[in-house]
Amino acid sequence: MDRGCAIRTCHLVIFARYPRFGRVKRRLARDIGAMAALRFYRAQFDRAIRTLGGDPRWRTWLALTPDGADGPALTPARRRGVAILPQGRGDLGQRMARILRSLPPGPAVILGSDIPGVTRAHARAAFDRLGTHEAVLGPAPDGGYWLIGLRRAAPLPDRLFAGVRWSSAYAYEDTLAGFPASWRVAREAELEDIDDGDDYQGWLGSDGLGREKL
Numbered sequence: 017m018d019r020g021c022a023i024r025t026c027h028l029v030i031f032a033r034y035p036r037f038g039r040v041k042r043r044l045a046r047d048i049g050a051m052a053a054l055r056f057y058r059a060q061f062d063r064a065i066r067t068l069g070g071d072p073r074w075r076t077w078l079a080l081t082p083d084g085a086d087g088p089a090l091t092p093a094r095r096r097g098v099a100i101l102p103q104g105r106g107d108l109g110q111r112m113a114r115i116l117r118s119l120p121p122g123p124a125v126i127l128g129s130d131i132p133g134v135t136r137a138h139a140r141a142a143f144d145r146l147g148t149h150e151a152v153l154g155p156a157p158d159g160g161y162w163l164i165g166l167r168r169a170a171p172l173p174d175r176l177f178a179g180v181r182w183s184s185a186y187a188y189e190d191t192l193a194g195f196p197a198s199w200r201v202a203r204e205a206e207l208e209d210i211d212d213g214d215d216y217q218g219w220l221g222s223d224g225l226g227r228e229k230l
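Residue 85 in my numbering sits at position 69 of the sequence shown, and the numbers go up by one each step.
Don't take each hint at face value.
Simulated DEER-style distance windows between Cβ atoms [unchecked claim]:
| no. | residue 1 | residue 2 | range |
| --- | --- | --- | --- |
| 1 | Glu189 | Pro88 | 36 to 46 Å |
| 2 | Thr135 | Pro157 | 16 to 26 Å |
| 3 | Arg117 | Gly221 | 15 to 25 Å |
| 4 | Gly84 | Ala193 | 28 to 38 Å |
| 5 | Arg73 | Val201 | 17 to 27 Å |
Note that these hints are calculated values from the structure, not bench results.
Backbone N, C-alpha and C fix where the C-beta goes; we use that ideal spot for every residue, glycine too.
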């Protein structure tokens, strides 16, 4: 683990939507049904908290939308000492920038709550890379990304995510292009998020990983 996490607190932020019928994974729901999509999302939401929350190597936060959402789905997070905070308004970039600026000092990593393959080793590797880089990105096969980490050794640029075409094949490259030219940027492992029925069927058949979680 990067020695920076030994002298300063590292922050791991799970970005999530509160699991509620008809409100999560809508593209996936069109292919497999709203209830199956909710079951998938809830399983990944719970797994992310169980896997990443409460690790003493970093402080875990759950950045939640909609603001003020509450219910039994948050009980595991609270039991693990995961701090819950609202994402606030705006597009994904505006919400991530707000969270990154509001956290206490120290390296920060944001990742999604619905990435089946994510492990503690991925989080540890991201923090390790922030020991020598200003940023780290974890690409997804569709051109987006499942993880972003910033060293936060200096104030963040005002327009950090300006012009990023979210939910498109350009999100990764747009984000990379928006970083200051002086930044050293590391690349994390590529992981797939599950957006539609084809992704879902592929996940179900991949080494039994899907079946064990539903």
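Each hint, compared with the structure:
Separation of Glu189 from Pro88 is about 40 Å and conforms to the stated range, judged on CB atoms against 36 to 46 Å. At about 18 Å, the beta-carbon gap between Thr135 and Pro157 stays in the expected band of 16 to 26 Å. Range check, Arg117 to Gly221: Cβ separation about 41 Å, and the 15 to 25 Å hint is violated. At roughly 35 Å, the beta-carbon separation of Gly84 and Ala193 lies within the given 28 to 38 Å, and the hint holds.
Between Arg73 and Val201 the Cβ separation comes to about 23 Å, which falls inside the hinted range of 17 to 27 Å.
Violated hints amount to a single one, hint 3; each of the other numbered hints is respected by the structure.
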